[in-house]
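> Residue numbers (our numbering), protein chains in the order written: chain G, 101 to 491; chain A, 101 to 491.
FYI, nobody ran anything at the bench for these hints, they're computed from the structure. Since the model is a prediction, treat every value here as computed from it, not as a measurement. Nothing false has been slipped in among the hints.
Just a few of them, taken from the derived set where beta-carbon distance is under 8 Å, the chain G residues facing chain A:
| # | residue |
| --- | --- |
| 1 | Q124 |
| 2 | A149 |
| 3 | H436 |
| 4 | D444 |
Note that the Cβ used here is the ideal one computed from N, Cα and C, for glycine as well.
Protein chains: 2
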Amino acid sequence: MDARTGLPVVGMVGAGQLARMTHQAAIALGQSLRVLAESPDDGAALVTADVMIGDYRSLADLRAFAAGCDVVTFDHEHVPNEHIAALAADGISVQPGAAALRYAQDKAAMRVRLGELAVACPRWVDLTAAPDPAAALREFGSQVGWPLVLKAVRGGYDGKGVWVVDSPGQAEELLASGTPLLAEEMVAIARELAVDVARSPYGQAASWPVVETVQLDGICVEVIAPAPGLSVELADQAQQLALRISSELGVTGVLAVELFETSDGRLLVNELAMRPHNSAHWTIEGARTSQFEQHLRAVLDYPLGTTTLTAPVVVMANLLAGPDDVVPKAIDERLHHCMARWPDVKIHLYGKGFRPGRKVGHVTALGADLDTVRARARAAADYLANGDAHG
Amino acid sequence: MDARTGLPVVGMVGAGQLARMTHQAAIALGQSLRVLAESPDDGAALVTADVMIGDYRSLADLRAFAAGCDVVTFDHEHVPNEHIAALAADGISVQPGAAALRYAQDKAAMRVRLGELAVACPRWVDLTAAPDPAAALREFGSQVGWPLVLKAVRGGYDGKGVWVVDSPGQAEELLASGTPLLAEEMVAIARELAVDVARSPYGQAASWPVVETVQLDGICVEVIAPAPGLSVELADQAQQLALRISSELGVTGVLAVELFETSDGRLLVNELAMRPHNSAHWTIEGARTSQFEQHLRAVLDYPLGTTTLTAPVVVMANLLAGPDDVVPKAIDERLHHCMARWPDVKIHLYGKGFRPGRKVGHVTALGADLDTVRARARAAADYLANGDAHG
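Take the sequences, apply the hints, and build the full model.
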């Protein structure tokens with residue numbers, strides 16, 4: 101507890117944009133987020149008062165960071181699971197806990213567990229468990245057909261750690277690299293969806309509406325809330341599924357469930373994340389309670405907030421910095437033009453330099469007409485990220 | 101400019117709740133607010149990365165603070181006007197400037213200027229300019245009738261610096277205190293209104309809808325947006341008036357115009373404030389662009405954002421700490437109960453201890469039905485501030 105305010109201290113390991121936006125929500129709740137940053141230039145370290153520079157892989161650093169925190173939570177999944185368990189053994193409230201977080205850290209463990217729960221996923225095989233991975237891959241390919249998707253069991257994000265391979269030969273180099281891998285069937289999908297839910301240690305849980313996520317080269321570029329044209333039945337099924345997973349896995353805080361909607365109308369779980377997630381950035385303006393506020397409420401075991409939409413249509417577009425190096429002055433000029441052209445679009449910048457391909461922010465547009473809202477979000481994002489004047 | 105991000109550095113003199121909430125808006129725009137705080141425990145100092153502890157009455161401190169800022173602006177009106185002029189002479193962009201801010205600092209100068217602009221105000225007399233203030237007060241009272249309102253020319257806020265007096269005798273002590281005073285007629289009012297506008301140095305200006313402000317003992321307790329039952333004509337008149345004042349006075353940033361709506365349907369200007377203002381806290385969730393974001397956009401000469409409402413009815417209720425001293429632990433318990441009972445109500449705590457009568461936060465409720473929304477905001481605020489279970 102912060103003795104000056106009587107309110108809790110939440111420590112977040114990692115100081116990227118998720119921590120940065122969580123801090124904004126923490127301020128309203130009378131708190132000030134404590135962050136464990138790798139560098140003083142991290143997005144959240146630039147804007148928070150309580151920053152420790154340290155290594156999330158070091159138990160000593162984590163212990164020093166956790167001292168005085170009412171709860172410790174995460175901006176990313178990379179903290180060693182055994183360190184999380186050690187903090188809990190020290191008596192620290194760590195949310196989500198090691199047992200739940202394991203399934204977000206280890207894609208093979210996640211798939212085994214979801215299989216036990218009879219949750220539909222793409223067919224897959226754990227190549228790390230196979231005595232001859234190349235042979236296992238060939239056999240799996242002959243069962244489900246090529247091409248296949250290879251995924252690093254640990255540490256992938258934003259398209260990193262995912263490869264599509266056409267043949268056993270193409271997979272050779274990856275198999276030889278020693279990276280622990282799993283193989284997954286390439287599903288014929290209609291589109292990708294996501295459901296974000298939050299759950300508290302007490303067991304209260306709440307879901308935001310199901311959204312459509314649009315990917316480009318494996319990176320999410322756009323999120324549409326609610327998912328256009330999704331039947332009430334499928335939306336309900338997706339929300340029930342995410343709530344069941346959060347409960348069965350003992351997740352606390354925000355859980356993002358990334359889904360494939362198949363061409364024949366089934367839902368398959370693609371990935372899980374146990375932290376605020378890009379698929380719910382739209383909730384900052386688009387839902388009565390944002391994912392960042394809800395994550396804080398959940399990990400603190402506060403009652404959860406209302407998750408209803410604030411507008412009929414909400415579209416978030418990521419700012420992926422264009423291929424050209426941008427001088428800092430140009431960013432401010434782009435901001436001027438963007439604000440003049442789209443005065444209703446909400447801008448979120450993460451305090452990062454505009455290096456090519458980097459996710460440096462997002463914009464959100466709200467309104468009544470899907471095509472209009474989507475076009476405005478897309479055009480504003482393109483302009484800010486690339487300086488393109490189209491749209 | 102912050103070399104790490106290429107984005108501007110805004111310095112705000114004062115580190116109370118207005119700076120605290122401005123920082124939340126700054127984060128989204130890729131910035132981090134720099135604050136000049138009196139104490140490290142000030143509400144904004146608790147949550148910002150770039151804090152200087154100093155004295156806003158010291159030109160040396162102000163100069164040290166302004167170094168490296170792209171623009172300097174204010175959380176309160178108490179910075180000596182000559183210091184603001186001196187900073188501008190140093191080449192610092194100070195928004196609003198000394199010439200405009202003078203009218204928010206000196207209630208007599210404001211009334212003289214509004215008189216020149218033929219803006220309707222309550223009748224008044226400047227007692228500081230009278231050779232015999234007691235005689236001037238008697239004469240004014242015989243013209244406009246008793247009781248009268250006495251106001252300190254400088255430094256009043258939240259009901260402080262305002263006195264209602266029934267007779268010359270009752271005013272004696274105040275007149276003898278040496279406080280520079282003006283006297284104002286006691287107007288028969290139907291209610292109080294406020295119009296908040298923002299204006300940039302370029303001259304772009306935008307108004308939020310006119311709101312009703314509900315006062316108790318001279319302190320604002322509730323703001324209703326839009327003002328219920330206000331005719332389109334009167335709303336338009338109020339907005340035009342505020343825009344004209346902002347332009348004529350050369351205001352930059354947010355200008356709050358507090359108005360009396362008289363029983364016979366006229367609008368009289370009560371007070372002006374040139375900074376984010378309590379009457380527009382509802383804009384955080386209730387308008388597409390909040391006053392805090394808009395203030396930043398305006399003082400940076402960015403294009404302004406859309407000011408439309410996000411819901412048909414928005415009600416803000418201040419949290420005025422109840423008469424009992426509250427142990428810190430109790431605040432967190434109240435938060436739990438408040439969140440459980442009103443999961444849709446948005447809570448804003450300012451990082452202040454709950455000392456009796458102190459404004460420690462506010463809540464905002466949004467919806468379609470005025471009575472319902474107002475009751476929810478009121479009940480949540482009462483519960484958080486006092487621990488009362490009614491409502």
